[in-house]
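Turn these sequences into a full structure, and let the hints steer you where they fit.
Number of protein chains: 2
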Amino acid sequence: TRDHPPAHTALRDRLLAAVVACFKRHGAAAIDTPVLELRETLMGKYGEDAKLIYELQDQGGELLALRYDLTVPFARYLAMNKITNMKRYHVAKVYRRDNPATTRGRYREFYQCDFDIAGQFDPMIPDAECLKIVHEILSDLQLGDFLIKVNDRRILNGVFAVCGIPESKFLTTCSTVDKLDKMPWEEVRSEMVGEKGLSPEAADRIGEYVQLHGGLDLIERLLQDPKLSQNKLAKEGLGDMKLLFEYLTLFGITGQISFDLSLARGLDYYTGAIFEAVLLQQENDHAEEPVSVGSVAGGGRYDGLVGMFDPKGRKVPCVGVSIGIERIFSILEQRVEASGEKVRTTETQVLVATPQKRLLAARLKLISELWDAGIKAEMLYKKDPKLLKQLQYCEDTGIPLAAIVGEQELTDGVIKLRNVATREEVRMHFYIRFHKC
Amino acid sequence: TRDHPPAHTALRDRLLAAVVACFKRHGAAAIDTPVLELRETLMGKYGEDAKLIYELQDQGGELLALRYDLTVPFARYLAMNKITNMKRYHVAKVYRRDNPATTRGRYREFYQCDFDIAGQFDPMIPDAECLKIVHEILSDLQLGDFLIKVNDRRILNGVFAVCGIPESKFLTTCSTVDKLDKMPWEEVRSEMVGEKGLSPEAADRIGEYVQLHGGLDLIERLLQDPKLSQNKLAKEGLGDMKLLFEYLTLFGITGQISFDLSLARGLDYYTGAIFEAVLLQQENDHAEEPVSVGSVAGGGRYDGLVGMFDPKGRKVPCVGVSIGIERIFSILEQRVEASGEKVRTTETQVLVATPQKRLLAARLKLISELWDAGIKAEMLYKKDPKLLKQLQYCEDTGIPLAAIVGEQELTDGVIKLRNVATREEVRMHFYIRFHKC
Numbered sequence: 331t332r333d334h335p336p337a338h339t340a341l342r343d344r345l346l347a348a349v350v351a352c353f354k355r356h357g358a359a360a361i362d363t364p365v366l367e368l369r370e371t372l373m374g375k376y377g378e379d380a381k382l383i384y385e386l387q388d389q390g391g392e393l394l395a396l397r398y399d400l401t402v403p404f405a406r407y408l409a410m411n412k413i414t415n416m417k418r419y420h421v422a423k424v425y426r427r428d429n430p431a432t433t434r435g436r437y438r439e440f441y442q443c444d445f446d447i448a449g450q451f452d453p454m455i456p457d458a459e460c461l462k463i464v465h466e467i468l469s470d471l472q473l474g475d476f477l478i479k480v481n482d483r484r485i486l487n488g489v490f491a492v493c494g495i496p497e498s499k500f501l502t503t504c505s506t507v508d509k510l511d512k513m514p515w516e517e518v519r520s521e522m523v524g525e526k527g528l529s530p531e532a533a534d535r536i537g538e539y540v541q542l543h544g545g546l547d548l549i550e551r552l553l554q555d556p557k558l559s560q561n562k563l564a565k566e567g568l569g570d571m572k573l574l575f576e577y578l579t580l581f582g583i584t585g586q587i588s589f590d591l592s593l594a595r596g597l598d599y600y601t602g603a604i605f606e607a608v609l610l611q612q613e614n615d616h617a618e619e620p621v622s623v624g625s626v627a628g629g630g631r632y633d634g635l636v637g638m639f640d641p642k643g644r645k646v647p648c649v650g651v652s653i654g655i656e657r658i659f660s661i662l663e664q665r666v667e668a669s670g671e672k673v674r675t676t677e678t679q680v681l682v683a684t685p686q687k688r689l690l691a692a693r694l695k696l697i698s699e700l701w702d703a704g705i706k707a708e709m710l711y712k713k714d715p716k717l718l719k720q721l722q723y724c725e726d727t728g729i730p731l732a733a734i735v736g737e738q739e740l741t742d743g744v745i746k747l748r749n750v751a752t753r754e755e756v757r758m759h760f761y762i763r764f765h766k767c
Numbered sequence: 331t332r333d334h335p336p337a338h339t340a341l342r343d344r345l346l347a348a349v350v351a352c353f354k355r356h357g358a359a360a361i362d363t364p365v366l367e368l369r370e371t372l373m374g375k376y377g378e379d380a381k382l383i384y385e386l387q388d389q390g391g392e393l394l395a396l397r398y399d400l401t402v403p404f405a406r407y408l409a410m411n412k413i414t415n416m417k418r419y420h421v422a423k424v425y426r427r428d429n430p431a432t433t434r435g436r437y438r439e440f441y442q443c444d445f446d447i448a449g450q451f452d453p454m455i456p457d458a459e460c461l462k463i464v465h466e467i468l469s470d471l472q473l474g475d476f477l478i479k480v481n482d483r484r485i486l487n488g489v490f491a492v493c494g495i496p497e498s499k500f501l502t503t504c505s506t507v508d509k510l511d512k513m514p515w516e517e518v519r520s521e522m523v524g525e526k527g528l529s530p531e532a533a534d535r536i537g538e539y540v541q542l543h544g545g546l547d548l549i550e551r552l553l554q555d556p557k558l559s560q561n562k563l564a565k566e567g568l569g570d571m572k573l574l575f576e577y578l579t580l581f582g583i584t585g586q587i588s589f590d591l592s593l594a595r596g597l598d599y600y601t602g603a604i605f606e607a608v609l610l611q612q613e614n615d616h617a618e619e620p621v622s623v624g625s626v627a628g629g630g631r632y633d634g635l636v637g638m639f640d641p642k643g644r645k646v647p648c649v650g651v652s653i654g655i656e657r658i659f660s661i662l663e664q665r666v667e668a669s670g671e672k673v674r675t676t677e678t679q680v681l682v683a684t685p686q687k688r689l690l691a692a693r694l695k696l697i698s699e700l701w702d703a704g705i706k707a708e709m710l711y712k713k714d715p716k717l718l719k720q721l722q723y724c725e726d727t728g729i730p731l732a733a734i735v736g737e738q739e740l741t742d743g744v745i746k747l748r749n750v751a752t753r754e755e756v757r758m759h760f761y762i763r764f765h766k767c
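Residue numbers (the numbering used here), protein chains in the order written: chain A, 331 to 767; chain B, 331 to 767.
No lab work stands behind these hints, which were simulated from the structure alone.
Please read all numbers here as calculations on a predicted model, not as lab measurements.
It is possible that part of the hints are untrue.
Intra- or inter-copy, both count: the list cannot distinguish identical chains.
[Said to hold, decoys possible] For lysine to aspartate or glutamate, the following EDC-like pairs were computed, each having C-alpha atoms within a straight-line distance of at most 16 Å: (1) K423 with E439; (2) K354 with D702; (3) K712 with D452; (4) K509 with E521; (5) K716 with E737; (6) K499 with E521; (7) K354 with E677; (8) K526 with D508; (9) K713 with D452.
Take a look at the structure:
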């Protein structure tokens, strides 16, 4: 974990504000759940990653742990309150006992920004909105070119089935496929055959599918695929994928969407559409295709998770997206550093200053009236500061204006308003009624 | 701990926004420190309350605990980064293994809103600003009448000294005096004599002082007090208190300030000025004085805390204030409930609706254009919802407008904008280019 100094916090607050503005634009309500969850709530939801959960000491009372993400607490919240219908966002910190990779923006305490839609609705309408949200946020933040990969767990499972993989190996095969964004097919294949015990022929058959990516045309082609079209799950998934692309066409965002059969997503709880957004970078002028420089958003449909918390197992279908705010932050931070731009850490509009001694009372009186008028104002906490020091403070902290009150100004019932950058000054009527002190 | 549902979160976000706006108006920068602190950082800072600290299980690595307040992490942050000068605010959750008193807004996980000024400055200028901030926030929030009590630890210690209390008993006597806001003097006196082992005469002498409260006149009187004026600490404290009142007079807020010698504040780390704001209520029409209904802000000067974290013990004087946001929230919540006012949990401006079937594509196209224009818009996630259901959704969630697009509107290249409350409708040009689906 780490402290966030003011320049850091100011930049991150701006970033979070942009994300929250988008979530609100889509009509989401905010909820807040505690950082502490019962240990049993978190157990059995994250597969192998459960070892990364921070547990609290048993000091009497319930066994507690720090939340690992915001999705499981949301599902627990829906089940506990018997809510079957909700559009919510949640921006908060989560905790993982991971080895931090600080260069890539990975820490043990970090923000997640989640938007989720829970409820029984007509297919793919909420799913399409989640992708629209990712598209809006990444466009708003001007992070450069990006691509949103989409796939469907049902299509993947269908592929595994027609390639002759037993159902008991679907999840583990899925997590191997998930590595295709980081390693070439040859290595993924050898993990399938070696560690996961698939036959080389089955692996090769999988390879033919999972290296495909495209748009509506690919969906149509796979719907005609002699093997895949016979598989009920795959057919359902492909049908919904087609519907999704129709909706995304109406949203006008298919240019940044790719149906990518290699996308698998690590977590166990996804049941339908899955998606992940990556930033693209032209490696060099001669490269043909731009290269992914890392995932900045991800999500999908998880129709079974809420039911795990309901005593009667009642399901509430959910789809959601999580914005990878820390990754985006580290990109923006590097950009700010490279540009040499100075991030202001305060919003102060005016410094109340005096050019002579024995004018503290005038400054206190004036600044108090400015505060009461809603103006963001500061003064130095010294009885008799030098004017130069006061103007220097403006330059150091980026305060654009100085309101100067000296003996002459007091007599005339004015203040001098000075533009710190241009040194222009205007006199304004401002009568300060007080006794000197 | 508890979940915060949307109505709750929306109201609290508004409250926090008002507090943060005031902190920013006074030129504070935000910092953020981790929820997890080293256990040793927190130990020895909270006296008897240390038993309320949540500790994490030893899973390898450092011994960690959840933060108990925001002041100790701030002091640790200053020392670690060798910062000697900073004005910061921090709004975040803290954790205490307390028995929750939910009716009074006390939970195990709760928000603190802190504003602190660190640095070596001329006396009482930052202290006065802290009181101005409390005054502004309590006025802005329109919580009704309030009173800010101020005192100084040096004055209290001076009182104890001239009453013949040994220095080793100052802190424990202080925590007994602190109970004067909850129990009558007789009970406090018997605790002093019984549990704390003071002589009855010493207790009576203390009683004569700590029951005093007033303004500048009282300060002047105590400065002339034959015994107290001989005590160095008390004289210093009274001198600064006089200065504070001069500054508060310039701020025009002495009407809500009371110099109250019974104010002691529980925490060990205060070294100078201390303050606490209480809301006042007229018990009944015949009561003479309004009664305090609980503390809503508190703070003071702690010049020694940063030095505890510096290897060389270098001190950084600090003064700060904490706004009791949970208490204020529970008051506002009761008020909202009593008024029957419905808190909107979303900010949606318009619902995109259709009166006929087979118009999903038109709705998707229209809503996408609204989102891209920055308008907060929703639609129902159904292919063919009934118009009545759509308008009902507006009424349930407080959406003021419905943008209705039907077959006639599509042909005419318009939409109907309907005011949900008044049922007024206007037709607007809005050509939607799409194929039906």
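(request) If the cutoff is 16 Å on CA atoms, where do K354 and D702 land: within, between, both or neither? Let me know, please. (result) between (31 Å within a copy, 13 Å between copies)
(request) Tell me, please, which holds for K713 and D452 at an alpha-carbon limit of 16 Å: within, between, both or neither? (result) between (68 Å within a copy, 6 Å between copies)
(request) Give the relationship of K526 and D508 under a CA distance limit of 16 Å: within one copy only, between copies only, both, or neither. (result) within (14 Å within a copy, 67 Å between copies)
(request) Have a look at K716 and E737 and pick one of within, between, both or neither, based on CA distance no larger than 16 Å. (result) Answer is within; shortest intra-copy Cα gap is 15 Å, inter-copy 72 Å.
(request) Using 16 Å as the alpha carbon limit, work out where K712 and D452 are close: within a copy, between copies, both or neither. (result) between (66 Å within a copy, 5 Å between copies)
(request) Since the copies are identical, ignore which copy is meant and state whether K509 and E521 lie within 16 Å (CA to CA) inside a copy, between copies, both or neither. (result) Within one copy only: 10 Å inside a chain, 69 Å across chains, cut-off 16 Å.
(request) Could you figure out if K423 and E439 sit no more than 16 Å apart (CA to CA) within one copy, between two copies, both or neither? (result) For K423 and E439, the Cα distance is within 16 Å both inside one copy (6 Å) and across copies (14 Å).
(message) Please sort K499 with E521 into within, between, both or neither, judging by C-alpha distance up to 16 Å.
(response) Within one copy only: 13 Å inside, 71 Å across.
(request) State whether the alpha carbon distance between K354 and E677 is at most 16 Å within one copy, between copies, both, or neither. (result) Between copies only: 6 Å across chains, 24 Å inside a chain, cut-off 16 Å.
The structure fails none of the hints (numbered hints given earlier).
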